[in-house]
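Here are the chains, one letter per residue:
2 protein chains.
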Amino acid sequence: MTTIGGRRVPFEDLCRALERCLYPRGFARERARRCARIVAENSLVGVASHGLNRFPRFLEWIERGWVDPCGTPERVATFGSLERWDGHLGPGPLNAETCMDRATKLAETHGVGVVALRNTNHWMRAGTYAWQAADAGFVGICFTNTEPNLPPWGSSEPKLGNNPLAVAIPRSNGRHVLFDGAMSQFSYGALETAARRNESLPVPGGFGRDGEITDDPAEILASKRALPIGFWKGAGLSLVMDLLAAVLSAGRSTCELGTQDGEYGVSQVFTAFGPRLIGPLGAERIEATLTDLEAAGDDTSVRYPGERLCMVRERNLREGVPVDEAIWEEVRGLASG
Amino acid sequence: MTTIGGRRVPFEDLCRALERCLYPRGFARERARRCARIVAENSLVGVASHGLNRFPRFLEWIERGWVDPCGTPERVATFGSLERWDGHLGPGPLNAETCMDRATKLAETHGVGVVALRNTNHWMRAGTYAWQAADAGFVGICFTNTEPNLPPWGSSEPKLGNNPLAVAIPRSNGRHVLFDGAMSQFSYGALETAARRNESLPVPGGFGRDGEITDDPAEILASKRALPIGFWKGAGLSLVMDLLAAVLSAGRSTCELGTQDGEYGVSQVFTAFGPRLIGPLGAERIEATLTDLEAAGDDTSVRYPGERLCMVRERNLREGVPVDEAIWEEVRGLASG
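Those protein sequences? They're chains E and X, same order as listed. FYI, this note's numbering numbers position 22 of the first sequence as 22, with every residue one higher than the one before it. For any residue, its number in this note's numbering is found by taking its place in the second sequence, counting from 1, and adding 337.
Read the hints as simulated data drawn from the structure, not as lab findings. Just to be clear, a hint being listed does not mean it is correct.
If you anchor each label on the Cβ, the simulated ranges turn out as follows [to be verified]:
hint : chain 1 : residue 1 : chain 2 : residue 2 : range
1    : X       : 442       : E       : 335       : 33 to 39 Å
2    : E       : 28        : X       : 550       : 51 to 57 Å
3    : E       : 68        : X       : 549       : 49 to 55 Å
4    : X       : 361       : E       : 172       : 47 to 53 Å
5    : E       : 172       : X       : 655       : 19 to 25 Å
6    : E       : 314       : X       : 628       : 33 to 39 Å
7    : X       : 624       : E       : 78        : 34 to 40 Å
To spell it out: a stretch of chain X is covered by chain E in this simulated footprint if at least three of its residues, at any positions, have a beta carbon under 8 Å from a beta carbon of chain E; those stretches are [as the list claims (entries may be wrong)]:
hint : region
8    : 397-409
9    : 478-486
10   : 496-502
11   : 544-551
Please read these numbers as outputs of a predicted model, since none were measured by experiment. C-beta atoms are modelled at their ideal positions from N, C-alpha and C, and glycine is treated no differently.
Okay, chain E solo, but in the shape it has when bound:
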């Protein structure tokens, strides 16, 4: 997001103005201060779409009762290094800040800490909380789901969320590495900012009302059919995965692998979440989501990731595994015993 030339406001003035909107809306003094700072900081770092520009909507949601100014997060289950919390529909930024703080405490004890938070609200900017962890010296990863606003591949119906993800890798100079991106090429905040300025997007960002790919943000906002991520977001994601793998394993990074005569000695990360976490309710949720997803297309146009694999596997077990004749003969020539 570039910023327009024009009016600038000192950071502390911005904080105070936001704070003063929160007092009369049921926020205790300290909570108003924390919440206002998080929102103002988003404008400060150049993401006004998730800062000041989103604040009127935040206030509106309080008035509608979707955000409870007094709601605070509560721990509802503990699984060792992972805890489940309920956000009680409190303000998203406050709930998120509390839960990332808790995740770092868990990580201090267990090496890794995960807090899964339900029943919370829009947190404004994903990067805020990953950055918070990095400022405390931790690798921070967080993501959220959203309402459906992105069509599955092969469909024009919004069934997926754009589910922002943030990954921060701390640096001792405080200039942390931060991947912060929604799963759409442009976040709705970014689309709104561009539309407000009558700017077109730097690359095509979604489908317009006529179903054609377009760089017109207003068209995409109208169709609710953004394109999934790619371009610099794919590149950014690649970088943070490399850093995570190398740092967590104390192993070689991609740039070190590039100095070798071949690709060996790589770094990998394996993560598992215990089955106790899922339970019958979780299993039901998964099925409901997949059913809903497939309803977005005709018989075969929308598939969940992995669906094709099972079908191919069954067919190949039955009919044999397709092989490239030349490679098959080569491998047979290399066999012995």
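Following the hints, put chain X in place on chain E, whose structure we already have.
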């Protein structure tokens, strides 16, 4: 990857042929059997590019000494629910299988288990190990780094790895959800398969030798300039993040949020990895990677994710935060106290 019509081989025959290549190359019987099955299974599920078709190269790497048939992974550090292992340059598929198994054991005890593995080798297909976790009832996430084979955004020099990532969400019917994707739109395996068949890609996948975006896989293999992920990969990633957030938090999924009158009560996940894990060596690695990355462009064309944020923040603290005049006045009107 579609498969060509033509020769099909029974799965067990394929396993045996691969196995018989491994015995004379220093693999103990049981290890040859496990390794051959993992590779054959990749062809079985329709990903021959990471199965049979990659096997001759795997054998070549053994002969070059890059893969040690007798190398086994060893735990080198423990941080509670996270362990660090050294792969001793053993066969990637065997090391990976062992480490994902260990991650599930850790998750049984701690709710979440992470194994970070260094000094290992190409694991063939990321999805194998996430699926392994899902088969055992766990949510499985794994990723690897690779040699540099993807240019950062704004550069034509390969500095990033395509770093495959797999996320599996278990289903009781065994037809798990599996996101399995490299951070390039097409994996090198997929590009090689398409090039071998003289097929063009379904969407543009990278830059050709002349610097233009192309759907010719041979051109992209020659330039080593693949495009980062997007299209169906972004959509798939979005789905698995939603399922993770909803299942881990026992909270609402995107499809449930879509039935509400507004976007409230969302689900989020916060993860932190302890600072002890990084240490001075990790910090050095991060700096070396960023330095290397920026060398891929001129002064400002290549930035690491988050770099701009710090610059903007400093400028805005100094000069004031740019505000949209209308919104600023609106918010000031909403303030009181």
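For this session: Report holds or violated for chain E covering the region 544-551 of chain X, Cβ cut-off 8 Å, minimum 3 residues.
Result: n = 0 at 8 Å, threshold three: violated.
For this session: Could you say whether the range 34 to 40 Å given as a hint is met by the Cβ separation of residue 624/X and residue 78/E?
Result: holds (37 Å)
Exercise. Quick check: the region 397-409 of chain X, covered by chain E? Criterion 3+ residues, Cβ under 8 Å.
Worked result: Three-residue rule met by the region 397-409 of chain X, so holds; n is 4.
Problem set entry | Outcome for the supplied range 47 to 53 Å, where the beta carbon pair is residue 361/X and residue 172/E | Roughly 50 Å apart at Cβ, these two residues keep to the hinted range, so it holds.
Problem set entry | Outcome for the supplied range 33 to 39 Å, where the beta carbon pair is residue 314/E and residue 628/X | 49 Å Cβ-Cβ, so the 33 to 39 Å window is violated.
For this session: Kindly confirm whether 33 to 39 Å is satisfied by the beta carbon distance between residue 442/X and residue 335/E.
Result: For residue 442/X and residue 335/E the Cβ distance comes to about 35 Å; the hint holds.
For this session: Between the region 478-486 of chain X and chain E, see if three or more residues pass the 8 Å beta-carbon test, and mark the coverage as holds or violated.
Result: holds (count 8)
Exercise. If you check the beta carbons of residue 172/E and residue 655/X, does the distance land in 19 to 25 Å?
Worked result: With a Cβ separation near 23 Å, residue 172/E and residue 655/X satisfy 19 to 25 Å, so the hint holds.
Exercise. Is 49 to 55 Å right for how far apart the beta carbons of residue 68/E and residue 549/X are?
Worked result: With Cβ atoms ~54 Å apart, the hint holds.
For this session: Kindly confirm whether 51 to 57 Å is satisfied by the beta carbon distance between residue 28/E and residue 550/X.
Result: holds (54 Å)
Exercise. Are there three or more residues in the region 496-502 of chain X whose C-beta lies within less than 8 Å of some C-beta in chain E?
Worked result: holds (count 6)
This entry does not satisfy hints 6, 11, going by the numbered hints stated previously.
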